[in-house]
Amino acid sequence: MSLDVLIHYAPSLIGGFGVTVLCWSLGGALGIALGFVIALMFRLRIAPLSWTLRVFVEVFRGTPFLVQLFLLYAGGPYVGLRLSATAAGVIGLGVYSSAYFAEIFRAGFAAVPVGQIEAAMSVGMAPRDTLLRVTLPAALIAATPPIVNMLVVLSKETVVLSIITVPELMYQMQTMAAETFTAFDSIFAMAAFYWLLVEATSRLGRRLEARVTAFLQEEARPA
Amino acid sequence: MSVPMIEIRGLRKRFGAHEVLCGVDLEIDASEVVCLIGPSGSGKSTLLRCVNFLESYDAGEVRIAGRLIGYEKGPDEIRRPMAARHLREMRREIGMVFQHFNLWPHMSALRNVAEPLRRVRGLAHAEADERAMAMLTRVGLADKAHAYPSRLSGGQQQRVAIARALAMQPNVMLFDEPTSALDPELVGEVLEAIKSLAAEGMTMLIVTHEMGFAAHVAKRIAFIDEGRIIDDGPPRRVLHESPEPRVRQFFQTYHDRNSF
Amino acid sequence: MHPEVILHSFGYLAQAAGVTLAISLAGILLGFVIGAGVCVAGTSRRIWAARLAGVYVSVFRGVPLLVLLLFIYYFLAEFGLDVPALVAAIGGLALSSAAYQTEILRGALNAVPKGQAEAAVALGFTRVEIWRRILLPQALRISIPPLINEFILLLKASSLVSVVGIAELTRVSMNIATMTYRPLEAYVGAALFYLAINLVLAGFGGLAERRLAEGAR
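Protein chains in written order, with my numbering: chain R, 1 to 223; chain Y, 1 to 260; chain C, 1 to 217.
The hints are simulated quantities; they were obtained by calculation from the structure and are not laboratory data.
Take these hints with a grain of salt, some might be off.
Claimed, not checked - Here are some, though not all, of the chain Y residues that point toward chain R, as calculated from beta-carbon distances under 10 Å:
| # | residue |
| --- | --- |
| 1 | R85 |
| 2 | M90 |
| 3 | H100 |
| 4 | P116 |
No residue lacks a Cβ here, since even glycine has one placed at the ideal position from N, Cα and C.
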């Protein structure tokens, strides 16, 4: 692949990357918000609600993302939901990841040592304050590594969006490959690019994790 | 005769099929220090936790300064669960120190102590911090006020936990094996802190294995075995001359290895 | 909604589900062989082997599966191989899964209590015997639940091989959708099959975990 080809397609590739980042961030934000709400609703312990949510989580964790996307994009119009490819991509990512984030938040809440809650109860703290000051901060700290991990996974899932013609990076690259007959080179470049991207984001993520979980170091230094 | 600070009558509790407390009677007057000693599985922690209703109980009564805790009796004399609001009110006046400290890891030592003052006693920010600082000074940790629990030794964490409970100015303090999770060389500083509380006249119920400590600080030792208190009296008598064979047997093995 | 569409195409979907299972099975088994190899390389005392293993894991966890699949497909086409689709599908799944299986196996090896190997050394076992008799059997037992989990993940990932034309569950449901103009029913049908398979697998996983816990006591 010559340099001129690359320069010619640079704008569309950069644009594609922009769409990738957009879908990833919006989808991720939607997933985290929805997942958090679901986890909170589980804590209400209202049997019919918990049961419904459980089914939701199991369905979206038990089926492939691609099938969910097709259902949304191709099947949507048949229930009155006409979405653009990008919109379907963002919502698809959001709903798909929300099932995983819900489990992550649930595990985070479960990881709060019961002793800390008992300490709050024993000074007579009201449930609202216990939740906001003790349970929630501890749960969020525990949930940070899996959340970072899931966001990295989500960044890789964005390539699936190209299958429903969302103009993200993979799609733009495939267009370029088709128009210039450089399939092999393009895919190779794509693979290399994603490898570097994921490696970089993973490292960044681990540093963020370390900062946030600094409180929970097991080692207590002697006085 | 004034009302006892803690009054336990005929307390019964079961976990599933297993009866853990089989009719416990115990009275603690104001400024008295009572140590609760017994083998594992005797129910001593469960008994302690019933006092501030962290565990519910099935029969009998627990009264704090005359008021029944955990349940309320209506005009019809029928017992029903206490309103959450009232339970929290009562818990404010009872301080508890746990075996594993239970400090909140995302808060500094100062904030651990100040948070209940702000949220439960409703103190303003500055006043809560001031009082918290005073408490930390009291337990000798003023210089560690802004340290996080993960940076403190076990003994220091437990002293912060004591400060946190003390800051609420409770009428009574409960200690659930406060030194059992500590390295031997850190036990002393925590026992010193508890001794100073006793010297100031705090009413305390302490579950502990530290016999030497109990011998010097407790006014009475209550020995619990299989859910029943089988001896209750001055440390001298319970530790060395108990009329109960089970008690003598328990302390005999201890005497053989130590002397106090 | 026309649920009878699912009923009519049940046969096709069931057959396609079989293809999905077969491909995923081939993928995970091949992935296990590769993963075990990379894992051993990772524990090697030769620096280049360990480094290579690290790079392998980094590359095949960093490159999205779809990109990998297409890469192998075009790579093979470039060199004129005869059945690019199937090879690309199983190869892609296997190479990707191997990267995750390496970590699973490594974790399982670490989970075997160090004291057991130490006791064996103290008793005079050779290195090979320690591996064969003590470390490997236990590591394999420990790794079964996470491997079942990996199989479930691989099964879902297999839906991507539809893009290289394999007639598995997703591809077949796409065809049904196009033929019957009923995408909703077609994809719900596929989803139901995936869920059913996953339910059974999750059941096995739970069973395996319980059996494992018993054995460990």
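Per the CB criterion, is P116/Y less than 10 Å away from chain R?
This hint holds: P116/Y lies near chain R, its Cβ roughly 4 Å from the closest one there, short of 10 Å.
Against chain R, is M90/Y within 10 Å by beta-carbon distance?
holds (8 Å)
So, H100/Y near chain R? Judge it on the closest CB pair being under 10 Å.
holds (6 Å)
Restraint: R85/Y near chain R, CB-CB cut 10 Å. Satisfied or not?
holds (9 Å)
Hint check: no violations occur; every hint is consistent with the structure.
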